[in-house]
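These are the residues of each chain, in order.
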Amino acid sequence: MNVAITINGDERSLDVRGHESLLNVLRNDLDLPGTKDACEQGECGSCTVIFDGESVCSCLVMAADADGSSVTTVEGLSSDGELHPVQEAMLAEGAVQCGFCTPGFVVAGSHLLETNPHPTEPEIREALSGNICRCTGYGSILRAFETVTGEES
Amino acid sequence: MTTRIAPGVRGGIGTSVLRPDGEPKVTGNFAYASDLSSEGMLWGATLRSPHAHARLLKIDIAPAVAIDGVRAVLTQDDVPGEPLFGQEEQDQPVFCDGVSRYWGEPVAVVAADDEETARRAAAAIVVEWEPLAPIVDPDQAAEEGSTFRDLSVRRGDETTEGSVVIEGFYETATQDQAPLGPEAGLAIPDGVGGLDLYVTSQWIHVDHRQIITCLAMEADQIRCHPAGIGGAFGSREDISLHIHVAMLSLATGRPVKMVYDRSESFVGHVKRHPSRMWYRHEADEEGNLVKVTARLILDGGAYAHTSRAVVANAAYFAVGPYNCDNVIVDASAVRTNNPPCGAMRGFGAVQTCFGSEMQMDRLADALDMDPLDLRRRNALAAGDPLATSGQIIDGSLPTLAVIDELEAMPLPDALIEDDPRLLPGGTGLTTPASSVVRGVGYAVNIKNLAFSEGFDDFSEARAVMTTVGVEIHTAAMEVGQGLVTVCQQIARTILGTDRVVVVWDDTSQIGSAGSTSASRQTQMTGGAVYAASAGLRDKILESFGGDELHEDGVYLHGEMVATIGQVCADGPVENQVQFRHPETFPPDENGLGDIHAGFVVSAHRAVVDVDPELGLVRVVQVDTVQDVGKALNPQAIVGQLEGGTLQGVGLAVMEQLVVDQGVIKNPTFTDYLIPTFVDAPAVGTRIIEEGDHFGPFGAKGIGESPTISSTPAVIAAIRAATGRDLTRVPVQPEDIVGI
Amino acid sequence: MDFFAAHDLDEALAAKADHPDAQILAGGTDLMVEINLAHHRPSRVLSLRRVGEIQELSDRRIGAGVTWARLERDGHRGLAQAARTVGSPQIRAAGTIGGNVATASPAGDGLPWIIAAEASIEVQSKERGTRTIPWNEFFVGVKRTSLAVDEVVTAVVVPEDVPPAQEFAKVGTRNAMVISTVSCVVIRGDDGFRVALGSVATTPMRATQAEEMINAESTISDSVLDEFARIVSAEVRPITDHRSTESYRRHASGVLARRLVERSLR
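Chain order of the listed sequences is A, B and C.
The number in this note's numbering is simply the position in the first sequence, starting from 1, with 3 added.
The number in this note's numbering is simply the position in the second sequence, starting from 1, with 2 added.
Position 231 of the third sequence, counting from 1, maps to 215 under this note's numbering, and the rest follow consecutively.
The set of hints was computed from the structure by calculation and includes no laboratory data.
Check each hint, because a few of them may be wrong.
What the hints assert, rightly or not - Counterexamples of contact, computed for chain A against chain C with all Cβ distances above 12 Å:
#, residue
1, E78
2, G79
3, S82
4, E85
5, L86
6, L94
As the list claims (entries may be wrong) - Result set (EDC-like, lysine to aspartate or glutamate): computed pairs, CA atoms no more than 20 Å apart in a straight line:
#, chain 1, residue 1, chain 2, residue 2
7, B, K632, B, E407
8, B, K541, B, E553
9, B, K632, B, D694
10, B, K60, B, E130
11, C, K127, B, D673
12, B, K667, B, E691
13, B, K667, C, E18
14, C, K110, C, D134
15, B, K667, C, D225
16, B, K667, C, E230
17, B, K60, B, E117
18, B, K632, B, E691
Claimed, not checked - Coverage of chain C stretches by chain A, computed from C-beta distances (three or more under 8 Å per stretch; other residues unrestricted):
#, segment
19, 29 to 40
20, 146 to 155
21, 214 to 222
Just so you know, even glycine gets a beta-carbon here, dropped at the ideal spot from N, CA and C.
Using the sequences and the hints, build the whole thing.
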């Protein structure tokens, strides 16, 4: 079926196959592989996108049901080489190792800071508890967010 | 090789420079293997055995072939070359060869126009099985002699007895590496009968050797390329989909891509061996260890993989970083119908560190000694013999310094708030602060560095000076740890320019770098980059009679004698080397000898808050002190220490594959639990730099060490809080409650 | 696969009447997992995401389309505590209470509160209009309910007099983003304590024997609480599976129930 989705500000019209997720469409049809596929059951956060203003797992959004929605992916958070503050901070704090979780943290983290610009450490931890990182132990990610929000511990 | 550090260079060793792949990773532009595509590409999918042990009676691929869009269906009959593969021992068929030996063993692969069709077609293949009784009890396998390796160590006098004796039995569960990036590969035909293969791997040269053997092809017909890796931790040291995707591409003449989904990933790679360990520690009244006896059984599952090396590590580090002159270890890696096991961060040392450190705590109790004093009294140092092999420790081994520094680190504040995020049970609101007991525990570990037992361990690297900077060529796999940065830093430091790029070569362009495992790449490929760069510098200085190389040219007594343009007037200048670590030897008939190339120590202190009534734990803080030799990139070291520590914490309190009759019951992220941000403790880190080691500038490998003693430190802390002897990891709430 | 997105309730009920086999899609947090892991390939899907009538949230009526994120902020105390433990923040932004009710997993985090609050499930169909099914008649087995094939869950209807003293707790093997091994709700009212548990039987259950026992006591002493916890542990009917053991679930049921009674008295 045909759906119209606004992706990173551009309206896109495309055919989607039955059952398939928004994640699949982003990666395979829209050439936006920055959104990562790591579990397909909403348990790792690697595929996080902003969907009509909410931070959600794109693997759990049926593409057919996304008609008329507005989606922001990691590719939409930086422009013309200008990094989002979360991206800058994660780079600077060494919060990127294998990097597979990083787009999810960037998107979920940017959403956190929009809804709560000055989160405490427990708030950062809880708000990002849906994003699994297997490399860093989260310490450098925490430091990155504390840098952005000016709440360094 | 001289250590002359070029003056004034930016981004050299000792600095925390940004990683060159960082920006593509934060913007989503970094290409992982699962992101690759090619024009006209097909998708591959795998049919797997639903039985841990069964005879394959009949397979009918016709229903799959009949599906529109299916381009190839392949089984073991289609393997053109050697039917078996394996890194150390070739014992695993490319596809099920008549008997399924583990749950999830590949039976057939399909290539189709799209992923959904490929999966549907794989499911349409009809297989008739005759189920057989699986062997799933490792003790039974050991008794029946079904083993990959039995290793016995006999050192000192077996008749020696200590006055204080502690016996214990310990178990560790199957841990999965669970890297976030799934197994993925893309095979592209080259038009002349060969292939270019882009795969997730930790060692493309050893993959390449196995692939060409099974495909019956010449080495130059297949080129394995490093692809972007989303973590590894040992899971990519062995072949997964490599041969399958190559076969599908050759069969169809089309590019073929395969990506495992999470459930398939859980069956598609080898795991950390589950273990059963019986220990007997004997000490004198002063707390000197006089004899350690251990029986170790590691379940290797259905195929060999790296079990032979894993069980050796378990055996040789079974006593920990302590002196003991009389040691008896009998270690076996057994063959069963459980999931195949192989490499995971810590590689055998994790299991025995848990057992032996629990023993040390119980011994300290029996002696009425402080557990750290017991460890100090027995601490192994440079010049001492390793308790198991008897090998004299050459180079630094700061066991005492590590313990002292750790004890001096500040402890966290007492729990005061009722914020559920700081309590056991978290936002589940199970536990008021008043129900919490705090405990503190310590553990220390020792691990070998790089490959052992006489393996010809080397890494090849090429340094190339061009007019626009230096290229470092290597086939070493960057899996996220930051090798790319360290290679740049070493080359910058030696060659006097910050313009260094690392070029990942394929298997046809450069020799092996060895595996990204065994904590070895900073030492081995770093060593190769050091040697290649130093040789290149010396060659250039000699050619132009200079005494210093700078970014803009060659200098003599501070005056430029040649520009870089002049240096490269006849084209790029290059130098290629193979770097080897000190020679090692296989064990003698008593399991003794100079088996290892070098050693690293570290220690952890865990602080936990326990709800004893519900058996719930919050790991509050885990501090670690790490022997690093020389810190090349301080920020990357902290990243390894924090991340490795959390994987050990995961094994302590939650991570386990539940395997019942050979079947994995929890192959999803819903039920294979990895610590979240809320579960992750604060991790304090300190390093000890002594620098007496074969790595570049004296650097040691630190990839594995942080994972090893964090597990027993957490369990020791829970034991301190509850008074319960806990004997298995991950610890279950019911173990803490005692029901 | 046929896909239909209803824009209002009438459209949804008409579609469900025409196609009773249509699988309802709300937040997608259960259905898409089943689809992605290839367990389930529904031939028709009916999306309720755009149906405004089921998005309303008040003290008396919780629309089926209300997300956990909203309940975490604006729900009744015990339900808000439960909402905070559902999956991850991303799951809570998408998943709905209606999905939890219709899926009827024994581990459904919102369900113990519903049965402790003695709420009803409002369901609607084109043919029979609205049915309001009492809590004790809706959940009939593991992932089985008394919902008819042409019906849609539209709301959870909360009694007027649901007491404000409500406490929830959930045990899992991780401190966030975890499926419960035991969950418990205690509501304290003028008529005594109501105790509900999840993950310890084929459906969420009330600990009626323990309720009777404690509600017959005039003072809640330590010995009363000990006996109460013992009865809770005895009357739950848990199993051993890959997430926990029967004996631990029994034990934890009693401990949680006791702690929540104590918490509700503070």
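For each hint, the structure was consulted:
Look at E78 of chain A: its CB is around 18 Å from the nearest CB on chain C, clear of 12 Å, so calling it non-interface holds up. Distance check for G79 of chain A against chain C: the nearest CB is about 17 Å away, which clears 12 Å, and the non-interface claim stands. Once the 12 Å rule is applied to beta carbons, S82 of chain A is consistent with being away from chain C; the minimum gap is 24 Å. Every Cβ of chain C is farther than 12 Å from the Cβ of E85 of chain A; the closest lies at roughly 26 Å, confirming the non-interface assignment.
With a closest Cβ-Cβ approach of about 23 Å to chain C, L86 of chain A is found to remain outside the 12 Å limit, as its non-interface label requires. Distance check for L94 of chain A against chain C: the nearest CB is about 24 Å away, which clears 12 Å, and the non-interface claim stands. The straight-line distance between the Cα atoms of K632 of chain B and E407 of chain B is roughly 17 Å, inside the 20 Å bound, and the hint therefore holds. A threshold of 20 Å between alpha carbons decides the hint, and for K541 of chain B with E553 of chain B the separation of about 16 Å falls inside it, so the pair holds.
The suggested pairing of K632 of chain B with D694 of chain B holds, with an alpha-carbon distance near 9 Å, which does not exceed 20 Å. Using a Cα cut-off of 20 Å, the hinted pair K60 of chain B and E130 of chain B holds, with the two alpha carbons roughly 5 Å apart. For the hint pairing K127 of chain C with D673 of chain B, the CA-to-CA distance comes to about 19 Å; that is within 20 Å, so the pair holds. For a cut-off of 20 Å, the pair hint linking K667 of chain B to E691 of chain B is broken: about 44 Å separates their Cα positions.
For the given pair, K667 of chain B sits about 17 Å from E18 of chain C by alpha-carbon distance, which is consistent with the 20 Å threshold. Simply put, K110 of chain C and D134 of chain C have alpha-carbon atoms about 8 Å apart, close enough for the 20 Å limit, and the pair holds. Straight-line distance between C-alpha atoms of K667 of chain B and D225 of chain C comes to about 9 Å, which keeps the hinted pair within the 20 Å bound. Proximity of K667 of chain B to E230 of chain C is assessed by CA-CA distance (about 17 Å); at most 20 Å being required, the pair is judged to hold.
Of the supplied pair hints, the one linking K60 of chain B and E117 of chain B is violated, its CA atoms being roughly 26 Å apart against a limit of 20 Å. Straight-line distance between C-alpha atoms of K632 of chain B and E691 of chain B comes to about 5 Å, which keeps the hinted pair within the 20 Å bound. A stretch counts as covered by a chain when three or more of its residues have a beta carbon under 8 Å from one of that chain; for the segment 29 to 40 of chain C and chain A the count is 3, and the coverage holds. Here's how the segment 146 to 155 of chain C fares: 0 of its residues keep a CB closer than 8 Å to some CB of chain A, so the rule of at least three is not met and the hint is violated.
Evaluation of the coverage hint for the segment 214 to 222 of chain C: breached, as 0 residues show C-beta separations to chain A shorter than 8 Å, against a requirement of three.
Checked against the numbered hints given earlier, the structure breaks hints 12, 17, 20, 21 and satisfies all the rest.
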